[in-house]
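There are 2 protein chains.
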Amino acid sequence: MNRAPIAAALLLVIAPQAAARPAPASAPAIPDPDGKGLAFRIVADLTTEVGQRLAATPREAAARDWAVARLTALGFVNVRIEPYTMSGWERGEERGSLTAPAPQKLALTALGNSGATPPGGLTAPLVYFDGLAALKATPANALAGRIAFIDNAMKVTQDGSSYGQFGAARRQGPAIAASKGAIAVLIRSIGTDHNRDPHTGVTNWPAGTTPIPAAAVSAPDADLIARTARTGRPIVASLQLTPKFTGDQPSGNVVAEILGRDPKLPPILAACHLDSWDLATGAIDDGAGCAIVTAAALQASQHGPLLRTIRLLWAGAEERGGFGGAAYAKAHGNEPHALAMEADFGADRVWKAVSGLAPANAALTEKLGLALAPLGVVITSGQTEGGSDIEAIAAAQHLPVIDLMQDGTRYFDLHHTPDDTLDKIDPAQLQQAVDAYAAAVKVLADEPGPITPVNGR
Amino acid sequence: MNRAPIAAALLLVIAPQAAARPAPASAPAIPDPDGKGLAFRIVADLTTEVGQRLAATPREAAARDWAVARLTALGFVNVRIEPYTMSGWERGEERGSLTAPAPQKLALTALGNSGATPPGGLTAPLVYFDGLAALKATPANALAGRIAFIDNAMKVTQDGSSYGQFGAARRQGPAIAASKGAIAVLIRSIGTDHNRDPHTGVTNWPAGTTPIPAAAVSAPDADLIARTARTGRPIVASLQLTPKFTGDQPSGNVVAEILGRDPKLPPILAACHLDSWDLATGAIDDGAGCAIVTAAALQASQHGPLLRTIRLLWAGAEERGGFGGAAYAKAHGNEPHALAMEADFGADRVWKAVSGLAPANAALTEKLGLALAPLGVVITSGQTEGGSDIEAIAAAQHLPVIDLMQDGTRYFDLHHTPDDTLDKIDPAQLQQAVDAYAAAVKVLADEPGPITPVNGR
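Line by line, the protein sequences give chains A and B.
This note's numbering numbers the first residue of the first sequence as 1 and each following residue consecutively.
This note's numbering numbers the first residue of the second sequence as 1 and each following residue consecutively.
Some hints could be false.
No distinction is drawn between identical chains; accordingly, a pair holds when it is met within one copy or between any pair of copies.
[To be verified] In silico DSSO-like pairs for lysine-lysine, Cα to Cα no more than 30 Å straight-line:
(1) K36 <-> K105
(2) K244 <-> K105
(3) K36 <-> K367
(4) K264 <-> K330
(5) K155 <-> K180
Hints were generated in silico from the structure; no laboratory data involved.
Hey, can you work out the whole structure from these sequences and the hints?
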């Protein structure tokens, strides 16, 4: 690998900051009282003043009110809550242990959409599977009256691609085990850490399936189960989970804008999600994402309005299954959008951009690359990922998407765990991500011509 | 710093292993089925087959039985349980949260010897103290009806000295707060990690004090409380803890020996503790220590018995306050001992030795230094620390002590947390610690002359 271009780029990073330019009077002010940057302040205050924001609960509603107040105070306009209704699910008590061959308490947490155990819990033999494929290969009814344990071998990838593959054990595993008679499912957490903190996340039940109790154990507990299974001694586990589906509940999106100079041009949509899992304060998932797109919109506009409107979408209920993104597409499907982007991959630095623009926009992609290079960000063209919050609108309108890929090396150490807290955020990396999003937004929102997606989206 | 001697030493480490020598028929065999070393196997099996071993509970008793079977199988002689009785304490339910200014769930755990909350829990204003000194400076009765929160600024030290100083907030803080009227105490965990795992450990109540509820919150939760306190907004916390004192319960030590060639010479005592806290499987505290002294005793003797007997003490109930060490001193106070050493500081490598031998034993100290140098271990002479399990016998008999100091850089990330599990052990570092203990034991147990403590012990 040729590292010379990156080294040169890092030198370039310093130059623009050294040359301080006073903002014109018309630009939104960027408050930075503690010197850690506006984005850090937003996520610090959100996690401290609101905390966890589980979808379709009063804490998510409190977060929406907080968001409206903060975005308004920051100078955004057309700040509004766009409500919708969805089915609620809430965690209850959760505890589990091995009872044989030795009593061992398990650190576990229910998966989103888990069913509950019978009153008093359940105790049953545990059957070990080293992955989803082994579970799939098990004969029908082989798990009758048993608890299935699904292991996985997820390892760190900078681009997060291991989540897609190994995450299937969580998304599909419980339903598959239920179809073979299992009365409950435990999985090794979908994660890359070795802490005693389990990772939650949704599991999916095909229509007509009755949810069974499904929980993730921490990596050290999964190691213990795997070691015990290797001895060949029978394992018995005990489980008590009391989650419940709470019926129709209010949720909602928060939308805000910085108006462009040309109201006829479709806006740039920059999204994140406001909801979090309930185990922690959702600092990196996705408080950081909302902080990034918000600070970036302000930073991109700091010398005056850009040509196009920048529209922020702080979506609701992403974790439970992209409800906010779907509601946005339903509400705004008839309005033109120029392009969509999203920040939902933590608080670390952007290392690569993927341009989903058509060859006709090659000049614009090149301009993006030049704007990002001083930050050490490489650019490629090709298939983009987007994200849950822009997925529905991008599909409905065949929108071009730009991916700014954040470094995922430590993301899945923290993702969906009790450990997703403010102290995990490195203010310097967070600010680099803001700088990258701001650079991209500025180029895109100042583009006067048509922005066209590459084939395949 | 001159690094050359260490580099040379590292080269030397490899040489003895390359030159494999067959063990004489009389030497104990060192089993190593998985190639990770005997010590790793001992701690792996103890944590998998027994798990947590809270003092004065049936799980500590199960661990004693396991220890007798394993030590016997390894060829130790005079393997025995030496029972004693002590007051039991067991953890119950534990949960807590901030209820104002925003609802925030706290990751917390009761301190050992904590009192219980009233049925239904308690809710009260929380008063923030940035350390023990601030708490001490508060006027009498200033905390009536309140919950005291004691912060601390513990940072990493290789020698673990920060634990002594900052640990006072846990050991003494709750009793001081109670004396000023507090109805409960929360402390920032005495630790150096940023995980959402609280650190337990004993707190002490002066005679006549009624224990109040006392718990540690994880570092991220302590950060949240500190951030909230800085805003000046009133904080209210809610707490539910149901620990109980269980009265007189059986505990015990496990003792085992490798007999020396000269039965008239007093033995070398090598100690660790078998009990653990109940939150995890006690892999580093102190499964690793027992594994180290045990594997080291065998390794030192692998070419035949040494001059002196090596006596292992796997002490009970260290965590609750050194009950096993005290019981050993009571039972064996009339028998001569040559010297005492202990392993109770995790599973990482030994970096320094402190010789507590008198100037008259300068030649023996030099011999120790030469034996340890190939492992990169420096040696100094001076005041030794010993450890809880040898403290009573060493004091009673004015015994010489050798400290083999393990690297404590990451020890207090894990110490007394749910995260003290097998996956945290690096087999290579653990084996280096075994090699260091074995080298020291071999030199000391082959010393025919008197071994004399330095003045001051």
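Here is what the structure says about each hint:
For the homomeric pair K36 and K105, the shortest alpha-carbon distance between copies (26 Å) is at most 30 Å, but the shortest distance inside one copy (41 Å) is not. In this homomeric assembly, K244 and K105 come within 30 Å of each other (Cα to Cα) both inside a single copy, at 23 Å, and across copies, at 19 Å. Only within a single protomer do K36 and K367 lie at most 30 Å apart by alpha-carbon distance; the minimum there is 29 Å, versus 55 Å between protomers. Proximity of K264 and K330 under a CA criterion of 30 Å is satisfied intra-copy only: 22 Å inside one chain copy versus 90 Å between copies.
Within a single copy, K155 and K180 get their C-alpha atoms as close as 28 Å, which meets the 30 Å cut-off; across copies the closest is 51 Å, which misses it.
This entry satisfies every hint, going by the numbered hints stated previously.
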